[in-house]
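Colleague: Here is how the chains run, residue by residue.
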Amino acid sequence: MEIMQVKDELTVTRRVDGLKTASLRVLIDHKGGLVVAVDTVGAHPGNWVFTISGSAARHALDDKGITTDLTIGGIIDHWDDDGSRKARPDEGAGQDQTKAPRSAKARKAA
Amino acid sequence: MEIMQVKDELTVTRRVDGLKTASLRVLIDHKGGLVVAVDTVGAHPGNWVFTISGSAARHALDDKGITTDLTIGGIIDHWDDDGSRKARPDEGAGQDQTKAPRSAKARKAA
Amino acid sequence: MEIMQVKDELTVTRRVDGLKTASLRVLIDHKGGLVVAVDTVGAHPGNWVFTISGSAARHALDDKGITTDLTIGGIIDHWDDDGSRKARPDEGAGQDQTKAPRSAKARKAA
Amino acid sequence: MEIMQVKDELTVTRRVDGLKTASLRVLIDHKGGLVVAVDTVGAHPGNWVFTISGSAARHALDDKGITTDLTIGGIIDHWDDDGSRKARPDEGAGQDQTKAPRSAKARKAA
Amino acid sequence: MEIMQVKDELTVTRRVDGLKTASLRVLIDHKGGLVVAVDTVGAHPGNWVFTISGSAARHALDDKGITTDLTIGGIIDHWDDDGSRKARPDEGAGQDQTKAPRSAKARKAA
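Protein chains in written order, with this note's numbering: chain H, 183 to 292; chain S, 183 to 292; chain W, 183 to 292; chain P, 183 to 292; chain C, 183 to 292.
Just to be clear, a hint being listed does not mean it is correct.
Claimed, not checked - Computed cross-link-like contacts, DSSO-like style, restricted to lysine-lysine with a CA-CA straight-line distance of at most 30 Å:
1. H:K202 to P:K189
2. S:K202 to H:K202
3. S:K202 to S:K246
4. W:K213 to S:K213
5. C:K246 to H:K246
6. C:K202 to W:K189
These are calculated hints, taken from the structure and not from any lab test.
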């Protein structure tokens, strides 16, 4: 699973039937490249997420009939783009982390 | 899923039986490399598309017996090769986007 | 699916049972690296081919019990190593294309 | 399977259901990149591990319903980050190897 | 399938159950990176081998329950690390090829 940042939504009117009406996101991978993933957790531009690839990308969805090879697996609670996670006083799941100051101090889940 | 641009059709007279008569396209990936994908959405040279790889490439097809590892998943409505999508007054699905002026402003699907 | 050129046959006396007596080829990928693929279409050194990877590599074979992760999917009728295909007066499937002059003009299959 | 070093735990409150409550680790791959893996062997930051990817990542788990594409397969008894393993007088499985002096001398399992 | 050279055995005391007691090898890939593969053909350090990845890595084993994503598919009879195979008067399957003089002349299997 890889760590990426959500860049944008993706508009695809003409698509294969297998994708149904899945919500698509453009993500930036760690090399700066752009990829497309199915999103079911409600990730927003700026969120740091990790992605599930391959056949697991389909198994991760409630509707296993959606033919994706990349699915957002979750929104990382705290992440800085230098690869460190951060504890913030106002932390909460699903917040936009893009403006978070960077810190090398990691924190464990409660 | 990756974002690529259609370069050309591909002529392959001698092929494995598993590919049947699937329509093949040569695509340019984000590194400038060339790959081959099955096309069922009618993509034309110049179109920006996203591709589905791995076992999902087969599941994306109506005929799951076609042995591809890369299938065009859809034609992106608006895309510039600097990674930004663009709203155009004359926009429409399936148009050739190669000559579209670039813009960093994204737009959502209706 | 990727575009590669056949370099040589491969002699492997001691192999896993799952490969059976499949014919193996050494191919050169687009980065100049060497990989090994199962060949069932009769590709010769110098031929430009495209390869099917992953689980599709097995499905592409008549004998699905052969445990390959890379199979030659077909011989490209006309290909130059600058990435363009070429129309030749004497063209024919399965010819050795290594000595073909280069051209950026593509041609469609009849 | 690839050799990586455990960097940290990962906190992901909002995740796809398929991941259930699997314990996640951030790993550093051999290129210095960061990836996320499911851990069931109890790896700690600093441990050298090898990872199982693709569909095998799911099969490696007792609960095959966990939708991962990367699972820690085991903790390497002795490993230096220059790629050599080391015999130590106080060696034992599961120790933190990060402070081990480097040596090019490999040792076999008992 | 990729061509790699065996570097060493790998000692992993604490491992996921799915790997059982499979024999593991550290291999050097064509970029100089290190990977881990299951070995059932008896490859020794110095041997040139080719590897089977993905789901095929499991299918290649007699015990398909072993959860590997990389399996040694066979020992290449003659290989030089400049990518050419070599015919030797004393050639035989399974020999250590590390000391073989290099030659660009390939030879076909008998």
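Colleague: A separate judgement is required for each hint: does it hold in the structure or not?
Modeller: Here's how the hints hold up against the structure:
no.: 1; hint: H:K202 to P:K189; in the structure: violated, 38 Å
no.: 2; hint: S:K202 to H:K202; in the structure: holds, 25 Å
no.: 3; hint: S:K202 to S:K246; in the structure: holds, 11 Å
no.: 4; hint: W:K213 to S:K213; in the structure: holds, 11 Å
no.: 5; hint: C:K246 to H:K246; in the structure: holds, 25 Å
no.: 6; hint: C:K202 to W:K189; in the structure: violated, 38 Å
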